[in-house]
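Visitor: Heads up: the protein sequence lines correspond to chains A and B, in order.
For what it's worth, the numbering used here labels the leading residue of the first sequence as 1159, then goes sequentially.
For what it's worth, the numbering used here labels the leading residue of the second sequence as 854, then goes sequentially.
These are calculated hints, taken from the structure and not from any lab test.
Yeah, the Cβ is synthetic: ideal placement off N, Cα and C, and Gly gets one too.
Keep in mind that a hint or two might mislead.
[As the list claims (entries may be wrong)] Pulled a few chain A residues facing chain B out of the computed Cβ check, cut under 8 Å:
1. 1164
2. 1165
3. 1166
4. 1168
5. 1169
6. 1173
7. 1175
8. 1176
9. 1179
10. 1240
11. 1277
12. 1299
13. 1301
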Amino acid sequence: MIFAVVSLFALGVVMASVLAVASRLLAVEEDPRLEVVVDALPGANCGGCGFAGCEAYASAVLNDPAIEPNKCCAGGPDVAKVLAELTGKAAGSADPQVAFRRCLKTEGNVAKNFDYFGIMSCAGAKLVLGGPDACKYSCFGLGDCVRACPFDAMWIEDDLVHIAPDKCTSCGTCVRVCPNSILELIPRRSRVMVFCSSQDKGKAVRDVCEVGCISCGMCIKQCPAKAITLVDERIHIDHKICLAYGPSCNEVCVEKCPRKILRCLHPDMIAAAPDFQPATFPEESHVPNLQD
Amino acid sequence: MEIFLLFISAIFVNNILLAQYLGNCPYLGCSKEKGVAIGMGAAVIFVTVLATVFTYLFQQYVMVPFQLEYLQTIFFILIIAALVQFVEMFLKKMVPPLYKSLGIFLPLITTNCAVLGVAILVHRLEFDLWTSFLYSIAASAGFLLAIVLMAGIRERLALCRIPRSMQGIPNGLIMAGIMSLSFLAFKGMI
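Put together the whole structure using the sequences plus the hints.
Guide: So, in structure tokens, the structure goes:
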């Protein structure tokens, strides 16, 4: 009995001392700032920054001078400011964005070609004759984006996905999973949005949806800032140009759109959009560099 | 031929997970994605082989001379836990790429029963050192096979509509049971 206790104790002491010595000899020097930067990030590992996770971005932003500190869209300007201080880089202006659904299929009374009973995911439905809806560019409402959203900012209502702008961090995860590419990121202070993502010709759209884009080009012609173009057969607003031009055009595109799919900012979205303030961080040269 | 039989027996007939029911914790915890499952399986192979060899030597040269065999389980737990800690530190310093791929799995299996099970089984089966070494490779390869198969199944299951109360672990346990039953079919082979 005594021998068992003593021998076990002895083994424990030997193992402990071996580990203690090893931890000294084999200590790896980690950048102490890494932990601070990781703590400053939201930790959702959403991948919105383009890196494999928060830690990957943290080590990249610390070690690579070319990586900007405002890549974290989930954290927004607050995190960008913290990262800029920690890494000694200029924060740049992170224009807050929000995910936006380019589909109004309930309003447009889009018919169903068939009832879909397969695997309940948009990606699955897309594989069956391009989906159950008559319009091939509609929101199926099966919620691939809802399941993918790391911030619980989306939900399905009336077969359509809805986005809570106050929870959306514009990480872009939903944009990547949507098989119909009807989700996109737009600046929170966008003035005008296109509520349709169809790439079909006018006749085909008219047949399936009452509020689909018929590619008439009226908005393109009317826009004084030339901010609207046709990209991949669908209307694309360059929000940077649109915002830079300002409100002096009185949203002529919204007025002229015969299908009324160009609309001004949704009231919900305005309420949730934080007041945008241009970046007021110091210039690059004034910030002491921690790496020196 | 004997070695071939040993491998077939350890991988299929006496699969450590599906026939001996050891190591169910990482089996259910790390089998949601194939990539993670492969990493886990590789870490188990690595640790099992190391642990088996070390504990075998310890048994031969310390425990037997001092007649401490009755403390086998508790000694082995201590040795394996310390060994894995040491290996983790060693890899972090010396082989960073390997640490990156195995590192997160190593702490998970410090006191894993599959690792301990193999270390103890080789003494029950009265293998010599070389056979123990081969057996530990084969048994942990069986673990890798089972967990990768399971991950494949669960990746498919993720797309199915399953009642909420059955999602995740309950369904995983049922799958493990069915896989175990199907592996029983190998019993007649040897």
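Visitor: Taking the hints in turn, state whether each one holds.
Guide: Cross-check of the supplied hints:
1. 1164: violated (11 Å)
2. 1165: holds (6 Å)
3. 1166: At about 7 Å, which falls below the 8 Å cut-off, the nearest Cβ of chain B leaves the hint on residue 1166 of chain A intact, so it holds.
4. 1168: violated (10 Å)
5. 1169: holds (6 Å)
6. 1173: OK, holds: residue 1173 of chain A within 8 Å of chain B, min 4 Å.
7. 1175: Violated: closest Cβ of chain B sits about 10 Å from residue 1175 of chain A, beyond 8 Å.
8. 1176: With Cβ-Cβ at 7 Å, under 8 Å, it holds.
9. 1179: violated (10 Å)
10. 1240: violated (26 Å)
11. 1277: holds (5 Å)
12. 1299: Constraint on residue 1299 of chain A not satisfied, violated at 16 Å.
13. 1301: violated (12 Å)
Violated hints, listed in ascending order, are 1, 4, 7, 9, 10, 12 and 13; each of the other numbered hints is respected by the structure.
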